[in-house]
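These protein sequence lines are chains D and R, in that order. Residues in the first sequence are numbered from 3 upward in steps of one, following this note's numbering. Residues in the second sequence are numbered from 1094 upward in steps of one, following this note's numbering.
These are calculated hints, taken from the structure and not from any lab test. Be aware that a few hints might be false.
[What the hints assert, rightly or not] Where chain D lies over chain R, by a calculated footprint (3+ residues, C-beta under 8 Å):
1. 1111-1117
2. 1153-1167
3. 1205-1217
4. 1263-1270
5. 1319-1326
[What the hints assert, rightly or not] Residues on chain R that point at chain D, a partial pick, calculated with CB under 10 Å:
6. A1138
7. G1225
8. N1246
9. L1316
Quick caveat: nothing in here was measured; it's all calculated off a predicted structure. Cβ atoms here follow ideal geometry from the backbone N, Cα and C, with glycine treated the same way.
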Amino acid sequence: MSSESRFLRHSRQRSSFRLGTALLAGRTAALASRLTGRGSGASIGGRVTTTLDPKAFAELIASRRIAAVTGTNGKTTTTHLLTAAIRNGLGDDGSQVITNADGANLHHGIVSTLGRSLHAPVAILETDERVVADTVRLGHPEILVLLNFSREQSDHNHEMAFLGRDWRAALAAAGPDGPMVIASSADPLIVWVCQRARAVVWVDTNPRWTADSTLCPNCGGVLIRETARWHCPDCPLSQPEADWWVDGDEAVSRKGDRHRLGLQLPGHFNLTNATCALAAAVEIGISPDAALAGMRTVISPAGRYATATVSGTTVQLLLANNPASWTECLPLAVSDPLVLAIDAAAGDGRDLSWLWDVDFGELTGRTVICSGPRALDLAVRLDYSGIDHVVIEDLAEALDSPLLDGHWDADHPIDVLSSSTPFQQLRQLGGLA
Amino acid sequence: MSAAAVRIVLLYPSLLGAHGDQGNALVLTRRLQLRGIEAELVRIAPGDPVPTDGSVYLLGGGEDAAQTTAVHELKADGGLFTALDNGAVLFAVCAGYQICGRSFTNGTHDRGVDGLGLLDITTRRGPERAVGESLSHWRMPDGSVSLVTGFENHSGWSELGTDATPLASMEIGWGNGDGQTDGAVQGRVIGIYPHGPILARNPDLADHLLSVALGQHLESIELPDVEALRSRRIDAVRADRS
Ligand SMILES: [Zn+2]
């Protein structure tokens, strides 16, 4: 029996009457939410279902084969890549693979996704960091992709170590039934978590951002980084030898295979995201060629890198929500002028002090339009780095600015790098959501 | 950089600086340069010798384990203490403020860890985490009051002994924990809780540190974005808590 068919093997459980009723109520609530224009309804639908059947998450996630993807940055894109790889690899059976492509990655969003397709045997789940332990405990995923672990927002910083302990305990409790983990060898906290995993495939993700991993998660020693590897001087924790890494546009395996990635997505970090997805697909039993052919069809996962027209200007939408992702995404914003849009609503993180942990030096000599409700925080940041900027808080107005005239065309859009809330507003202004 | 350049020394940004507090060093350096004063930002990593010829030394916020490591490294090096004896200014924020004290507690442990002993404060774990925009009133040397806007995020409550004086009185927020005062001053050592980074939002405080360190009055400089940000944050925090 091939491993592909093993992954597809049905474990068709009949849902309980209570779950069935709860799901129906959830779908009704989601529909109402969509009709009144209050969003996709995924989260509200899952919430209604869970209120009526508190065991909905456990029941829905236990009855199929799961590949879960988590990490602070890149989980939406990597989930899209892995889903495309598996669907393509399974051919006609690809339709039996479901995913939360809209990024609804908390308990309620996952309940909503799984509840829509009760009998789909395979689910590829983008999983918020806070849901990982429950997913491992209740869903017994076959694959768990751990991309990276940096602080999402300063006001959540103290939760990182706690979440790491939570994941590690869940992997330890799973023991021999635990997932095959595809994990970043570059991230000390993830390496420490994976000491308790049944089996690990290491991917060297070689990130630009390492500022959140100064101290050893095992003993508190000051980590030493040399020639792109790290180790602890006070205990045995060190960077494991990678099974996969990126070389140019190729994913390379320790066995010596080289695979051209040829993605339609920009950025070095997407090459490593794709290599993680490739490693996961290979573990599932998909051939690398089939996986890569699928991944090359991914264009703009949940609106990232999408091109849209806002206020008559052609723009490319880029999303970054924390210093790590701003550091990785800034090189992708190449237009002059460019627009940086900031908010500090719940989805963005209420504390913007991280703006000062991002090096904006590469913008020197270009004109920045600071936009969004917290544009002034960014303007002061750029003031002190001597970078030319103007402040236009309203997004539609910013993209209507005469400053942009003659500086873009259909092939060279104005780049707009946004935190979460302005990004979603721009998707709506551009007719993408 | 000539030997005459004013040195702003950022201590252990990899350990204590995960909340944008390295911005305080950039603000001080730039505010000197904008006045035509030659200035140099020096970053010191754990294990590097701490220079003794700096004018202003900075400590930022960070995790519990980082605090203990920073105290150990600073005591082992000794350079900071020499610099302070030579008349330098130390400005410390949040976790950096706590380690300047006599002792502080770490995480869920209630046993105090010895601090640097530069401020007569004792920090214990408070009953709740203090997170949010804060606003306090700082009386400047000329007697006028400057509003201090920032974002605090800490679980420590600091009690001041008789050798330390509170820096500011709270209008909104927890500050030292009781919601009455924030920060402490003792000689040329100044500590306070909020990030922001705080000197980016509070140019009066930044210029105060510089003029004490340089022993000279500094003329004001105009940065309209800074004034606009200040009034926006002050209005927002008052509207939010009213
Ligand atoms: Zn260690």
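Each hint, compared with the structure:
1. Using a Cβ-Cβ cut-off of 8 Å, 6 residues of the region 1111-1117 of chain R lie near chain D, which meets the minimum of three, so the contact claim holds.
2. Figure legend: the region 1153-1167 of chain R, annotated as covered by chain D; annotation consistent (5 residues with Cβ-Cβ distances under 8 Å, at least 3 required).
3. Under the rule that three or more residues need a Cβ within less than 8 Å of chain D, the assignment of the region 1205-1217 of chain R is violated, with 0 such residues.
4. Coverage of the region 1263-1270 of chain R by chain D is violated in this model, with 0 residues showing a Cβ closer than 8 Å to a Cβ of that chain against a need of three.
5. Using a Cβ-Cβ cut-off of 8 Å, 4 residues of the region 1319-1326 of chain R lie near chain D, which meets the minimum of three, so the contact claim holds.
6. With a least beta-carbon distance of about 9 Å to chain D, the hint placing R:A1138 at the interface is held under the 10 Å criterion.
7. Annotation: R:G1225 was flagged as interfacial toward chain D, and the flag holds, the nearest CB pair being 7 Å apart, inside 10 Å.
8. For R:N1246, the interface hint holds, the least distance from its beta-carbon to any beta-carbon of chain D being 5 Å, beneath 10 Å.
9. Restraint check, R:L1316 versus chain D: the minimum CB separation of about 6 Å is within 10 Å; hint holds.
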